[in-house]
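> These protein sequence lines are chains B and D, in that order. Take the first sequence: its letters are residues 135 to 246, numbered as in the numbering used here. Take the second sequence: its letters are residues 29 to 141, numbered as in the numbering used here.
To be clear, the hints were calculated from the coordinates, so they are not data collected in a lab. Please read these numbers as outputs of a predicted model, since none were measured by experiment. By construction, the Cβ of each residue, glycine as well, lies at the ideal position given by its N, Cα and C atoms. The reader is advised that the hints may include incorrect statements.
If you want the footprint, here are the derived chain B segments under chain D, 3+ residues with CB under 8 Å [stated by the list, open to error]:
1) 177-183
2) 189-196
3) 229-237
Each computed EDC-like pair below joins lysine to aspartate or glutamate, with the alpha-carbon atoms no more than 16 Å apart [said to hold, decoys possible]:
4) D:K65 / B:E234
5) D:K70 / D:D112
6) D:K133 / D:E43
7) D:K99 / D:E43
8) D:K65 / D:E30
9) B:K191 / D:E30
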Amino acid sequence: KAGVTQTPRYLIKTRGQQVTLSCSPISGHRSVSWYQQTPGQGLQFLFEYFSETQRNKGNFPGRFSGRQFSNSRSEMNVSTLELGDSALYLCASSPDRVLEQYFGPGTRLTVT
Amino acid sequence: GENVEQHPSTLSVQEGDSAVIKCTYSDSASNYFPWYKQELGKRPQLIIDIRSNVGEKKDQRIAVTLNKTAKHFSLHITETQPEDSAVYFCAASRSNSGYALNFGKGTSLLVTP
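Chain B with its partners taken away, still in its complex shape (with noise of 0.2 Å):
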């Protein structure tokens, strides 16, 4: 099977503006989570979303949302840039009543 996809792999964005990115997980996984990876704070959980519902929230402000799709595939959305927003946005999706998570590749967003 193929693994985790996102596009792009690579952003660069104005603080002030918006950015979608884009996760397509393994054939057949119904749930994908969203990581922000920064080198100060590691790894934070965004939120997950499971048959095109949200079902779990971390602790970031409103500005991050995001979206599934009847395909399983998701989106996040960042608005309002801002130069800290700048990591390794990870996602990653699991089977269904299994744990174990499989990462994607990372889009690494540039705020400047």
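Put chain D on the given structure of chain B with help from the hints.
Same frame as chain B, but now just chain D:
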């Protein structure tokens, strides 16, 4: 919420030696504890995990132990090799509420030949 602390932040060992990384968690309801390895510029890869109903699990040179009473778990790598050099992350979650991993800050392991 859950707080996971990981020690040490850096670890340097000689090839062939053992390496131990320790994590503590705060939420007694956490019941799933995976370990991820992340090489430079690559995605985190699951290397081993343990559920709260198990005290120890081994997979070749890697083992994980869990002490629920003390709320800590550890990763043990024996006979280390240079290719084990990477950043290792521990995590904890409540499996009955979806998939929300709370990660430790990571341990940078360097194995020197």
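> Check whether the Cα positions of K191 (chain B) and E30 (chain D) lie no farther apart than 16 Å.
With Cα atoms ~13 Å apart, K191 (chain B) and E30 (chain D) stay inside 16 Å; holds.
> Hinted pair, alpha-carbon criterion (16 Å max): K65 (chain D), E30 (chain D). Please report holds or violated.
Violated, at roughly 21 Å.
> Does the alpha-carbon distance linking K70 (chain D) and D112 (chain D) stay inside the 16 Å limit?
holds (14 Å)
> With a cut-off of 16 Å on the C-alpha distance, tell me whether K65 (chain D) and E234 (chain B) pass.
Distance of about 14 Å is within 16 Å: holds.
> Report holds or violated for chain D covering the region 189-196 of chain B, Cβ cut-off 8 Å, minimum 3 residues.
holds (count 4)
> Please verify the coverage claim for the region 229-237 of chain B: does it have three or more residues whose C-beta sits within 8 Å of some C-beta in chain D?
holds (count 5)
> Do the alpha carbons of K99 (chain D) and E43 (chain D) lie within 16 Å of each other, as the hint requires?
violated (30 Å)
> At a Cβ distance under 8 Å, does chain D reach at least three residues of the region 177-183 of chain B?
n = 4 at 8 Å, threshold three: holds.
> What's the verdict on K133 (chain D) and E43 (chain D), does the C-alpha distance respect the 16 Å limit or exceed it?
violated (24 Å)
In this structure, the earlier hints numbered 6, 7 and 8 are contradicted, and the remaining ones agree with it.
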